[in-house]
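Listed in order, the protein sequences are those of chains A, B and C. Numbering of the first sequence is given in the working numbering, commencing with residue 1 and proceeding in unit increments. Numbering of the second sequence is given in the working numbering, commencing with residue 1 and proceeding in unit increments. Numbering of the third sequence is given in the working numbering, commencing with residue 1 and proceeding in unit increments.
Take these hints with a grain of salt, some might be off.
Said to hold, decoys possible - Distance ranges between label pairs, derived from CB positions: (1) C:Ser8 <-> B:Leu139: 31 to 39 angstroms; (2) B:Pro86 <-> C:Asp102: 51 to 59 angstroms; (3) B:Ile46 <-> C:Ser71: 34 to 42 angstroms.
Unchecked claim - Derived SDA-like pairs (lysine to any residue); straight-line CA-CA distance at most 20 angstroms: (4) B:Lys96 <-> C:Pro6; (5) B:Lys96 <-> C:Lys85; (6) B:Lys12 <-> C:Glu145; (7) B:Lys12 <-> C:Arg157; (8) C:Lys85 <-> A:Gln23; (9) B:Lys96 <-> C:Leu65; (10) C:Lys150 <-> B:Glu100; (11) B:Lys79 <-> C:Ser148; (12) A:Lys179 <-> B:Lys79; (13) C:Lys67 <-> B:Leu34.
Calculated from the structure, these hints are not laboratory results. We put the beta carbon where it would ideally sit given N, CA and C, even for glycine.
Next come the chains, spelled out residue by residue.
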Amino acid sequence: MIGAGKIKQYSNVLDKPLSKGKQEVSSSAFAFLFSELVQYNQTQVDNIAELERRLEDAGYAVGARVLELLCHRDKNGFTCETTFNMFYLDHVSIQEIASLMSSNCNFCCGIFDLLNFEANRETEGKLDCWVSCLLYTAQCGKCYFGKVADSLEKGTEHEDEYMISEKELLVNRFISIPKDMGTFNCGAFVAGIVRGVLDGAGFPAVVTAHFVPMEGQHRPRTTILIKFGEEVLRREARLEHGNFNDLVKAIIATPVDVKYTISFLHSSYDLSHE
Amino acid sequence: MAAIYSLYIINKSGGLIFYKDYGSAGRMDTNDSLRVASLWHSMHAISQQLSPTVGCLGIELLEADTFDLHCFQSLTGTKLFVVCEPGTQHMEGLLKVIYELYTDYVLKNPFYEMEMPIRCELFDINLSQAIQKDRVALLGR
Amino acid sequence: MAPVAPRSGDAIFASVEHVNAELFTLTYGAIVRQLLTDLEEVEEVNKQLDQMGYNIGVRLIDEFLAKSNVSRCVDFKETADVIAKIGFKMFLGVGASVTNWDADGTCCSIVLEDNPLVDFVELPDTCQGLYYCNILSGVVRGALEMVSMKTEVTWVRDMLRGDDAFELQVKLLKQVPEEYPYKDDE
Numbered sequence: 001m002i003g004a005g006k007i008k009q010y011s012n013v014l015d016k017p018l019s020k021g022k023q024e025v026s027s028s029a030f031a032f033l034f035s036e037l038v039q040y041n042q043t044q045v046d047n048i049a050e051l052e053r054r055l056e057d058a059g060y061a062v063g064a065r066v067l068e069l070l071c072h073r074d075k076n077g078f079t080c081e082t083t084f085n086m087f088y089l090d091h092v093s094i095q096e097i098a099s100l101m102s103s104n105c106n107f108c109c110g111i112f113d114l115l116n117f118e119a120n121r122e123t124e125g126k127l128d129c130w131v132s133c134l135l136y137t138a139q140c141g142k143c144y145f146g147k148v149a150d151s152l153e154k155g156t157e158h159e160d161e162y163m164i165s166e167k168e169l170l171v172n173r174f175i176s177i178p179k180d181m182g183t184f185n186c187g188a189f190v191a192g193i194v195r196g197v198l199d200g201a202g203f204p205a206v207v208t209a210h211f212v213p214m215e216g217q218h219r220p221r222t223t224i225l226i227k228f229g230e231e232v233l234r235r236e237a238r239l240e241h242g243n244f245n246d247l248v249k250a251i252i253a254t255p256v257d258v259k260y261t262i263s264f265l266h267s268s269y270d271l272s273h274e
Numbered sequence: 001m002a003a004i005y006s007l008y009i010i011n012k013s014g015g016l017i018f019y020k021d022y023g024s025a026g027r028m029d030t031n032d033s034l035r036v037a038s039l040w041h042s043m044h045a046i047s048q049q050l051s052p053t054v055g056c057l058g059i060e061l062l063e064a065d066t067f068d069l070h071c072f073q074s075l076t077g078t079k080l081f082v083v084c085e086p087g088t089q090h091m092e093g094l095l096k097v098i099y100e101l102y103t104d105y106v107l108k109n110p111f112y113e114m115e116m117p118i119r120c121e122l123f124d125i126n127l128s129q130a131i132q133k134d135r136v137a138l139l140g141r
Numbered sequence: 001m002a003p004v005a006p007r008s009g010d011a012i013f014a015s016v017e018h019v020n021a022e023l024f025t026l027t028y029g030a031i032v033r034q035l036l037t038d039l040e041e042v043e044e045v046n047k048q049l050d051q052m053g054y055n056i057g058v059r060l061i062d063e064f065l066a067k068s069n070v071s072r073c074v075d076f077k078e079t080a081d082v083i084a085k086i087g088f089k090m091f092l093g094v095g096a097s098v099t100n101w102d103a104d105g106t107c108c109s110i111v112l113e114d115n116p117l118v119d120f121v122e123l124p125d126t127c128q129g130l131y132y133c134n135i136l137s138g139v140v141r142g143a144l145e146m147v148s149m150k151t152e153v154t155w156v157r158d159m160l161r162g163d164d165a166f167e168l169q170v171k172l173l174k175q176v177p178e179e180y181p182y183k184d185d186e
């Protein structure tokens, strides 16, 4: 029979090799699916805040798995756990780790960016773990939304806030918000993804999506505002004069932290409190 | 350069779901535009029946002294038509472009309800760009 | 207007914009999760997925027609071929083939070569009755209804349920005449 022969049957999803992550579907297919997600959720809510919350929840479920996949998709066997363990080893220099990872998976690219950044910052003697994790998030954005965010800024008014801005968020591409829905933004879904990724990586945060009017533009751009949790702030305070190893140690030592269990593929990530 | 007077989109039951006029000629109030839409819907259907050609899909072009009317009907029954200065070129191409904008900015919008009047800001923005004369001229290439 | 030749599914898929298939897969997964939480009953989830697919189908058909230049099909056989060869390819990037025609040409099967919806998915014991991909059958049904074909679309083989392929059965129930329904009382 035509076609059918191409499918291999796996009795268990765990036996199936993890896809390489290169596959694509048309952006229309995603747009229609997302549109239906919004329409369905509209039938389930009484108000706009509730709709936003439900979209964010859906996004969170995606984000948690995005992180997991990026961590697994690693040809040379790097995983979150090995990566973190490597950082523990004092004799491994940042440069060595960087060169090991430079050609690796998206996750490692993320870390690589992060390392570059830290190497530059070392002279200042202060580490900024937020920026690191934001870079990482941006890297996820590149993988999943085809590009790194248009801009990444630290909030000027609040130290614990970061903003990722997009002229045109993928999910908002075809969507016109009716006037009676006020400031509602379907980017809540993307905010949920970012929150899922950050949470899984040990940076719990409140993430929200906002329209920001742009001068000379018809359409406002969407800003994803990230406000980190208190525990992240406390950790940051402890890291005031640390170095990169300390940062990683601190990440691992933080009560809310994630212990990655990566012994088998496809598992949902294991969020165990230590 | 020839001008486009107005654009109509009619749903499959003959209801006007979008109307826009460009420039001063042929400007109409809401009632008139609704009337034109339902009139055209019926005429289009009758033309299919009257046509000696088997499988005729209805009028594509109506040429009058003071205007041309180009119509495109999709297989789903949605009709788009433009009224323009006689002899305006590339209208079939333009209708196709507008149809694609409709599939993008109307049908993919979760806040658009099928068969209802189109109120989508992004559709308006992209439409006004597509309908600019220099853009339309490019369709000839 | 001179008829334009229909484009092949591959050509269309190559020319449209793409997104990462995982984002698509995971988003679909999030939808199924929401439904399972909201509706609780697996049977209700199947129905809702089919309904959501239908809603997508009635919208998506116009884009399909606009991008593919497909004109009116002469018969249901051609329709099924077009869905399999162009439809699935252009949106999901997967090929499909048509088999198992019945004698009078009103019922056939579409077998998918791949299915991006099910990556990373395994049905837990509590969801054994779930037709995880029911959205696809709804899409086909909705899209065909917009071009005057009432159909019934069901999964006859589903790899998540242990079968060896993904096979959709499409059954033509009624072809609504395309002319303007003057005789209707409406």
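Hint check:
1. C:Ser8 <-> B:Leu139: 31 to 39 angstroms: Given about 24 angstroms between the Cβ atoms, the range is violated.
2. B:Pro86 <-> C:Asp102: 51 to 59 angstroms: holds, 53 angstroms
3. B:Ile46 <-> C:Ser71: 34 to 42 angstroms: Given a distance of about 22 angstroms, which is not inside 34 to 42 angstroms, the answer is violated.
4. B:Lys96 <-> C:Pro6: The given pair, whose Cα atoms are some 15 angstroms apart, holds under the 20 angstroms limit.
5. B:Lys96 <-> C:Lys85: Violated. Lys96 (chain B) to Lys85 (chain C) sits at ~23 angstroms, over the 20 angstroms cutoff.
6. B:Lys12 <-> C:Glu145: Cα-Cα ~13 angstroms, so holds.
7. B:Lys12 <-> C:Arg157: violated, 36 angstroms
8. C:Lys85 <-> A:Gln23: holds, 19 angstroms
9. B:Lys96 <-> C:Leu65: holds, 11 angstroms
10. C:Lys150 <-> B:Glu100: Violated: Lys150 (chain C) and Glu100 (chain B) sit about 25 angstroms apart, past 20 angstroms.
11. B:Lys79 <-> C:Ser148: holds, 16 angstroms
12. A:Lys179 <-> B:Lys79: violated, 27 angstroms
13. C:Lys67 <-> B:Leu34: Outside the cut-off at roughly 29 angstroms; violated.
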